[in-house]
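Using the sequences plus the hints, can you model the full thing?
Protein chains: 2
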Amino acid sequence: MSDPFSDLMAFQRETEALSQVAGRLSWDQETVMPRGAAAQRSDEMAAIEGVLHARRTDPRVGEWLAAIDGAALDPAGQANLRHIRRSYDRTMKVPAKLAAALARLTSVAQGVWAEARANDDFAAFAPTLREVLALKREEGAALADGGNVYDALLDDYEPGATAESLEAMFGALRPRLVALRDKVRGRPAPAALSGQFDEAAQMKLARHIARTFGYDMSRGRVDKAVHPFSSGSGNDVRITTRTAAEDPFNCLYSTIHEVGHASYEQNIDAAHLLTPVGAGVSMGVHESQSRIYENQLGRSRAFCGYLFGQMRETFGDIGIADAEAFYGAVNRVHGGFIRTEADEVQYNLHVLLRFDLERALIARDLEVDDLEAAWNDRFEADFGYKVDRASNGVLQDVHWSVGLFGYFPTYTLGNVYAGCLHAALRAARPELDAELSSGDLAGATEWLRAHVQVHGGLYEPRALIERATGRAPDEGPLLDYLEEKFTAIYG
Amino acid sequence: MSDPFSDLMAFQRETEALSQVAGRLSWDQETVMPRGAAAQRSDEMAAIEGVLHARRTDPRVGEWLAAIDGAALDPAGQANLRHIRRSYDRTMKVPAKLAAALARLTSVAQGVWAEARANDDFAAFAPTLREVLALKREEGAALADGGNVYDALLDDYEPGATAESLEAMFGALRPRLVALRDKVRGRPAPAALSGQFDEAAQMKLARHIARTFGYDMSRGRVDKAVHPFSSGSGNDVRITTRTAAEDPFNCLYSTIHEVGHASYEQNIDAAHLLTPVGAGVSMGVHESQSRIYENQLGRSRAFCGYLFGQMRETFGDIGIADAEAFYGAVNRVHGGFIRTEADEVQYNLHVLLRFDLERALIARDLEVDDLEAAWNDRFEADFGYKVDRASNGVLQDVHWSVGLFGYFPTYTLGNVYAGCLHAALRAARPELDAELSSGDLAGATEWLRAHVQVHGGLYEPRALIERATGRAPDEGPLLDYLEEKFTAIYG
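These protein sequence lines are chains A and B, in that order.
In this text, residue positions in the first sequence follow our numbering: the first is 2, and each later residue adds one.
In this text, residue positions in the second sequence follow our numbering: the first is 2, and each later residue adds one.
Calculated directly from the structure, the hints in this document are not laboratory data.
Please read all numbers here as calculations on a predicted model, not as lab measurements.
You can't tell identical chains apart in this list, so a pair holds if it fits in one copy or across any two.
Subject to a maximum C-alpha distance of 25 angstroms in a straight line, what follows is the list of computed DMTMM-like cross-link-like pairs (lysine to aspartate or glutamate):
#1 Lys98 with Asp8
#2 Lys184 with Glu342
#3 Lys205 with Glu31
#4 Lys205 with Glu436
#5 Lys98 with Asp4
#6 Lys184 with Glu485
Right, dumping it as structure tokens:
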């Protein structure tokens with residue numbers, strides 16, 4: 002005898018397992034795949050994606066969902082049901098023809114974008130972006146059912162979030178961030194790290210730091226790739242980082258960032274393995290983990306003291322006299338155009354710009370032809386200097402080319418959540434700085450594990466943060482933290 | 002408008018792509034997978050295998066096959082149709098319940114075998130082997146449709162081969178091989194290589210030798226694993242090898258062997274990519290490529306001269322005075338119990354033993370309880386000394402535990418085919434030794450590419466070898482080659 006919930010979950014576990022297989026294939030592609038295998042790999046990836054799509058739209062899922070009595074389930078069962086229902090409803094709302102057209106177009110569009118970026122030529126990308134935007138507007142309208150189109154897209158990455166609530170939060174962030182940037186800009190900057198640092202030694206130190214932050218190497222691994230990323234769930238969660246001889250901070254802080262993502266996946270209650278609850282609950286909460294590991298913990302004065310010692314042990318004299326100067330070098334606020342290279346003060350300004358522009362694009366308040374000018378104007382207003390070329394401006398991110406409208410705000414939402422969690426962690430753990438200064442992350446990562454990570458997808462994102470911190474999340478703690486930290490450094 | 006052959010081939014291409022995905026997952030498991038991921042990986046592998054099984058038994062395949070007019074197809078189309086039909090017919094003949102029971106049992110049996118081998122305890126494995134054998138007899142009977150049960154199993158690995166034809170061939174091999182072994186045993190053996198050889202340097206030399214044999218590194222890669230293997234088809238064909246400080250020949254000749262397998266897959270006409278014709282046609286032909294690369298080419302006097310220079314360049318003085326002594330060390334006939342470590346003279350005696358025993362098991366002429374004694378008696382008769390323990394005897398190979406009855410004879414068939422191909426290659430290429438002695442494999446591998454590898458599964462195995470050599474394959478050339486070579490070395 003079978004019951005519909007058990008049948009649904011058995012089917013879903015296989016789907017999750019196949020989705021992990023697709024993830025392993027992506028990891029392979031970015032790390033170890035022979036370069037001549039690229040075209041064949043597209044066929045392999047398309048085949049597994051086709052299998053996943055067929056399972057996600059399998060009519061049996063609809064029948065099981067209709068037959069299940071949700072009230073009779075335990076909390077994990079109810080949460081799994083909620084995730085499966087949300088995903089199934091979304092999938093069924095998008096006409097198959099539109100979904101296929103989007104998949105086809107975005108796989109081509111990424112290549113067009115990459116070439117346009119290499120040539121600093123937005124006009125070469127514009128026609129393709131127009132097509133992507135048209136299909137995403139169509140998809141958003143299908144999902145929104147008469148409601149807000151942007152919210153419908155955003156919901157894919159941050160269930161429950163709305164543009165309106167984010168506008169209020171981001172609206173409060175922007176003036177204080179711009180003011181902080183202005184204040185910092187007027188003061189003498191700490192000296193930057195300079196010199197050449199052996200790349201193999203960087204990787205060795207990165208692996209040590211990854212372990213220090215609690216990353217379980219027996220269920221993961223660290224490799225080099227063009228872009229740092231974290232991949233997989235449960236007991237096989239791998240990260241990548243990159244190295245450049247002149248910039249060991251890139252390698253080390255990319256590693257810590259990805260360890261935040263990976264630890265979240267590794268630390269979810271094993272009972273939820275290969276179910277929807279057994280994965281990070283949203284992009285925003287995921288980013289909260291990567292950012293609190295990277296910034297509030299990894300770039301703290303206390304941890305920088307420990308890292309300074311590790312750097313000198315690894316590389317000898319690094320041309321920086323003491324831990325305080327090292328802390329300044331790590332947290333140096335610097336010019337530049339690229340979001341992924343931005344410091345803590347300016348990072349969210351990059352995101353807010355994209356959030357406003359992509360809402361305008363989706364709402365038809367802005368057209369693709371005017372996008373580059375709108376980007377450049379806004380950049381100058383927030384950063385105080387002009388974009389010098391398209392690859393440093395509107396062409397820098399891959400997201401829009403692959404249809405990720407509604408994704409950008411989750412970066413800043415993650416920072417806001419990280420701010421809230423950091424305040425709660427400090428309150429719960431007065432000994433935190435003493436621990437960090439000796440490279441002991443066990444207390445901090447255990448607090449995050451127990452309050453956030455272990456739950457996986459059991460609670461909705463905002464409810465999870467509220468449960469962990471005891472209060473509804475808002476931008477206050479992040480702003481207070483940034484102002485206090487950077488006023489002290491640039492005092 | 003669609004036609005049934007196009008529909009079938011489109012479906013089949015996706016199946017082949019998914020089968021490659023499963024292969025990538027196996028590669029990952031043996032090379033880079035974190036050790037803590039093993040249990041989760043079983044679920045992932047089971048999910049992709051489930052998808053493949055569903056596709057192989059999809060009733061649409063039967064409908065397409067019934068609707069296709071094979072006579073209207075080109076030769077590649079006819080060959081693909083033949084492969085798909087054979088595979089579908091075989092799959093449909095085996096009851097789903099039996100197939101599932103076999104899959105379940107063999108995945109457990111491998112673990113039981115490994116533990117029994119570690120404890121040298123055949124009795125601990127016997128009950129499980131009895132179960133595997135019972136199911137394989139049942140499967141063979143279902144496949145044989147009243148015909149020969151062993152032939153039906155053999156057909157999975159070597160289409161068209163029969164036990165009767167192999168008995169004749171192997172019956173001619175055995176006395177001459179035993180006589181050669183006796184003769185060699187009575188003469189003084191060349192000195193063995195001894196010393197310690199840096200393992201990273203072994204890998205570097207192995208990669209160089211792989212390239213020398215024509216392996217395309219832009220569509221493959223060489224890694225270390227517990228067992229050497231080749232994995233994948235077309236433009237992503239990876240090999241593994243292993244290293245031991247005291248035995249660089251293991252690393253180098255495992256590499257050359259796997260390069261033979263991998264080159265076969267890499268060199269198939271790209272028009273057949275991701276179709277049944279786009280893969281090696283049988284285990285026997287596959288082994289013919291690995292063995293001719295490894296033995297007739299790689300262990301030739303001429304190539305050993307080149308390798309001697311490479312070894313000295315890599316490791317300095319290796320304690321062997323000249324190329325002739327090095328050739329002797331490479332081809333030293335030695336005692337031992339293990340098939341995979343056997344020299345060219347004795348290797349096929351190991352296989353013949355297994356072939357006779359497994360036919361007796363399938364035919365119920367031998368029962369599992371008597372297997373160990375039968376093994377030990379036969380070993381002493383052919384090799385002249387007694388098996389000292391089960392892990393050196395009946396428990397040494399994984400094959401039977403995972404149900405591979407009918408697989409062993411393809412190893413010797415591969416050697417026989419390699420003998421035929423080698424004779425034809427020598428006749429076509431009088432300059433071969435001059436080339437080999439300078440490390441120039443281009444002519445030899447091009448001949449094998451053009452006469453064997455490029456065709457993939459276009460021709461049936463025996464027809465392919467006959468086409469390449471101009472005569473029906475038989476054991477004569479292999480025996481002549483072995484007697485001439487080892488009489489000279491041990492002269």
